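Engineer: Sequence:
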Amino acid sequence: MTAKNFFCLGSNTGSDSIGRNTEEFLTGLLRAIGNLVIVFDLEGRIVYTHSLPEAINGVDSASLTGKMVEELVPLGREEEIKTYFKRALDEPNNDRLSTFLVSTEDTNIPVLISAAPMIDSTGCKTGIIFFAQNHQQQRLLEAQLVQAQKLEAIGQLAAGVAHEINTPMQYIGDNIEFLRTGFTDLVSLIHRAEDVMKLSSETTCTEDIATYDKLKLDIDLDYMIEETPKALEQTREGVASVTKIIRSLKAFSHPGSESMELHDLNQVIQDAITVAKNEWKYVADVNVDFDTSLGLVPCHLGELNQVLLNMIVNAAHAVTNGIAERGENKGIIKLVTLRTDSSVKIIIEDNGTGIPEELRSKIYDPFFTTKEVGKGTGQGLAIAHRIITEKHRGKIALSSQPGFTQFTIELPLQQPTAGDDV
9 MTAKNFFCLG SNTGSDSIGR NTEEFLTGLL RAIGNLVIVF DLEGRIVYTH SLPEAINGVD
69 SASLTGKMVE ELVPLGREEE IKTYFKRALD EPNNDRLSTF LVSTEDTNIP VLISAAPMID
129 STGCKTGIIF FAQNHQQQRL LEAQLVQAQK LEAIGQLAAG VAHEINTPMQ YIGDNIEFLR
189 TGFTDLVSLI HRAEDVMKLS SETTCTEDIA TYDKLKLDID LDYMIEETPK ALEQTREGVA
249 SVTKIIRSLK AFSHPGSESM ELHDLNQVIQ DAITVAKNEW KYVADVNVDF DTSLGLVPCH
309 LGELNQVLLN MIVNAAHAVT NGIAERGENK GIIKLVTLRT DSSVKIIIED NGTGIPEELR
369 SKIYDPFFTT KEVGKGTGQG LAIAHRIITE KHRGKIALSS QPGFTQFTIE LPLQQPTAGD
429 DV
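Just add 8 to the spot in the sequence shown (first one is 1) and you have the working numbering.
Simulated from the structure, these hints should not be mistaken for laboratory data. Mixed in with the good hints there might be a few duds.
Here are the simulated distance ranges between beta carbons [what the hints assert, rightly or not]:
| id | residue 1 | residue 2 | range |
| --- | --- | --- | --- |
| 1 | Val55 | Leu120 | 19 to 27 Å |
| 2 | Thr397 | Asp293 | 50 to 58 Å |
| 3 | Glu79 | Leu367 | 19 to 27 Å |
| 4 | Asp373 | Gln409 | 29 to 37 Å |
| 5 | Ile254 | Ala201 | 21 to 29 Å |
| 6 | Val296 | Pro410 | 23 to 31 Å |
When the alpha-carbon atoms are kept at most 27 Å apart in a straight line, the in silico DSSO-like pairs for lysine-lysine are as follows [claimed, not checked]:
| id | residue 1 | residue 2 |
| --- | --- | --- |
| 7 | Lys258 | Lys238 |
| 8 | Lys342 | Lys403 |
| 9 | Lys289 | Lys238 |
| 10 | Lys353 | Lys370 |
| 11 | Lys338 | Lys403 |
| 12 | Lys289 | Lys338 |
| 13 | Lys224 | Lys289 |
| 14 | Lys252 | Lys289 |
| 15 | Lys222 | Lys258 |
| 16 | Lys403 | Lys94 |
| 17 | Lys353 | Lys342 |
| 18 | Lys252 | Lys338 |
| 19 | Lys342 | Lys370 |
| 20 | Lys342 | Lys258 |
| 21 | Lys252 | Lys353 |
| 22 | Lys94 | Lys75 |
| 23 | Lys238 | Lys222 |
| 24 | Lys75 | Lys90 |
| 25 | Lys133 | Lys252 |
| 26 | Lys289 | Lys353 |
| 27 | Lys258 | Lys353 |
| 28 | Lys90 | Lys133 |
| 29 | Lys338 | Lys90 |
| 30 | Lys133 | Lys94 |
| 31 | Lys289 | Lys258 |
| 32 | Lys289 | Lys342 |
| 33 | Lys238 | Lys224 |
Remember, predicted model here, so these are calculated numbers, not experimental data. Even glycine gets a Cβ: it sits at the ideal position worked out from N, Cα and C.
Just need the whole structure built from these sequences, with the hints factored in.
Structural biologist: See the structure below:
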């Protein structure tokens with residue numbers, strides 16, 4: 009079907025010349041758009057397509073005519089695109105859908121779809137038009153942005169992390185020095201004791217015994233016996249603490265992969281708490297209530313790490329302001345995980361200042377922030393919302409009142425089919 013025939017423009021002009029000009033104009037217009045254009049009838053059947061060869065490589069637009077809307081996408085995404093089609097027809101808005109189109113090679117190509125109803129001269133809806141834009145490059149840039157944000161966050165937390173590592177390293181160093189000097193003294197005492205034992209069979213060796221007793225007092229043997237086990241245990245704890253921080257940092261900085269992978273969500277949250285520790289430990293106690301029945305959860309680890317870190321740091325900043333207003337020493341941050349039949353929930357609560365009602369609808373807007381200049385970019389929650397809703401096809405909800413804020417993140421447990429990741 010040609011552009012002229014579909015749009016029915018120029019058919020009643022009475023002039024073939026004007027009709028040809030109209031068709032050329034419409035074809036040029038579609039070519040200038042540069043996207044894959046798909047037109048559906050009211051039943052969701054494709055009646056017209058137009059695309060430049062380079063618009064979306066791997067999608068043969070000519071072969072799409074006659075297919076239903078759900079046949080465009082991979083298995084597991086049919087309901088999503090059908091719902092989007094119906095919403096665009098019944099309640100037109102500016103929403104866009106991030107999804108995949110099945111290519112001629114049976115691979116999935118990421119696209120961003122905009123939709124609008126087609127209306128004839130009488131005001132009646134005659135169909136829906138989709139504009140599908142190749143999203144591969146943008147998705148790559150977004151992934152790089154998330155990684156850059158994550159590395160920026162690590163950079164901002166670097167001083168605190170260094171402090172967290174330095175503290176156990178200091179007492180590890182002190183303990184090692186104590187054990188080094190104590191061991192040297194202990195060896196001297198043992199050697200003296202051996203000399204006394206050798207002489208005891210020959211003489212009363214009163215003088216040697218006195219020397220041994222004096223050496224025992226000089227090195228404070230009783231103190232050494234009491235403190236050595238404590239020093240060893242403290243050193244062991246210090247090494248474990250540093251190891252935990254390094255492991256958490258390593259897990260957090262991992263760029264992740266394009267596809268979802270199974271991870272221990274409770275451990276992922278614990279790693280984020282560890283990395284952000286210097287942000288919250290002076291202002292809040294962090295309580296966790298993890299559902300041990302979660303099992304492994306499909307997720308994009310790198311992006312989810314970024315979301316959790318943003319949420320915990322935001323909670324710490326809110327608590328800082330809250331306890332200052334109330335004159336308290338410390339607040340509370342609580343993290344909870346729950347498993348339902350089809351999803352996993354992560355609940356993050358704080359008793360900070362709360363979010364005013366008039367601002368709650370804006371918190372996911374890019375560059376919107378209530379923090380003072382230099383404290384926030386306004387990107388954290390915007391990125392978190394996109395990662396949860398688009399990358400994981402999950403939900404994020406806010407509940408807040410003065411002195412309390414709760415974010416609930418819901419991640420679906422159903423694993424996507426091959427190539428079906430966002």
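Engineer: Please go over all the hints and tell whether each is borne out by the structure.
Structural biologist: Each hint, compared with the structure:
1. Val55 / Leu120: 19 to 27 Å: Given range 19 to 27 Å: holds, Cβ gap about 22 Å.
2. Thr397 / Asp293: 50 to 58 Å: Between Thr397 and Asp293, where Cβ atoms are some 31 Å apart, the hint is violated.
3. Glu79 / Leu367: 19 to 27 Å: violated (43 Å)
4. Asp373 / Gln409: 29 to 37 Å: Because 21 Å falls outside the window, the suggested range is violated.
5. Ile254 / Ala201: 21 to 29 Å: Since the Cβ atoms of Ile254 and Ala201 sit about 43 Å apart, the hinted range of 21 to 29 Å is violated.
6. Val296 / Pro410: 23 to 31 Å: holds (25 Å)
7. Lys258 / Lys238: violated (30 Å)
8. Lys342 / Lys403: holds (19 Å)
9. Lys289 / Lys238: Roughly 25 Å separates the two Cα atoms, so the pair holds.
10. Lys353 / Lys370: The hint holds at about 23 Å.
11. Lys338 / Lys403: Violated, at about 30 Å.
12. Lys289 / Lys338: holds (9 Å)
13. Lys224 / Lys289: Answer violated: Lys224 to Lys289 is near 43 Å, above 27 Å.
14. Lys252 / Lys289: holds (16 Å)
15. Lys222 / Lys258: violated (52 Å)
16. Lys403 / Lys94: holds (21 Å)
17. Lys353 / Lys342: holds (14 Å)
18. Lys252 / Lys338: holds (25 Å)
19. Lys342 / Lys370: Holds: Lys342 and Lys370 sit about 24 Å apart, inside 27 Å.
20. Lys342 / Lys258: holds (24 Å)
21. Lys252 / Lys353: holds (25 Å)
22. Lys94 / Lys75: holds (16 Å)
23. Lys238 / Lys222: At roughly 25 Å apart (the allowed maximum being 27 Å), Lys222 and Lys238 satisfy the hint.
24. Lys75 / Lys90: holds (13 Å)
25. Lys133 / Lys252: Violated, because 61 Å separates the two Cα atoms, which is more than 27 Å.
26. Lys289 / Lys353: Holds: Lys289 and Lys353 sit about 25 Å apart, inside 27 Å.
27. Lys258 / Lys353: Distance of about 25 Å is within 27 Å: holds.
28. Lys90 / Lys133: holds (17 Å)
29. Lys338 / Lys90: violated (50 Å)
30. Lys133 / Lys94: holds (13 Å)
31. Lys289 / Lys258: Distance of about 21 Å is within 27 Å: holds.
32. Lys289 / Lys342: The given pair, whose Cα atoms are some 13 Å apart, holds under the 27 Å limit.
33. Lys238 / Lys224: Roughly 20 Å between the alpha carbons, so the hint for Lys238 and Lys224 holds.
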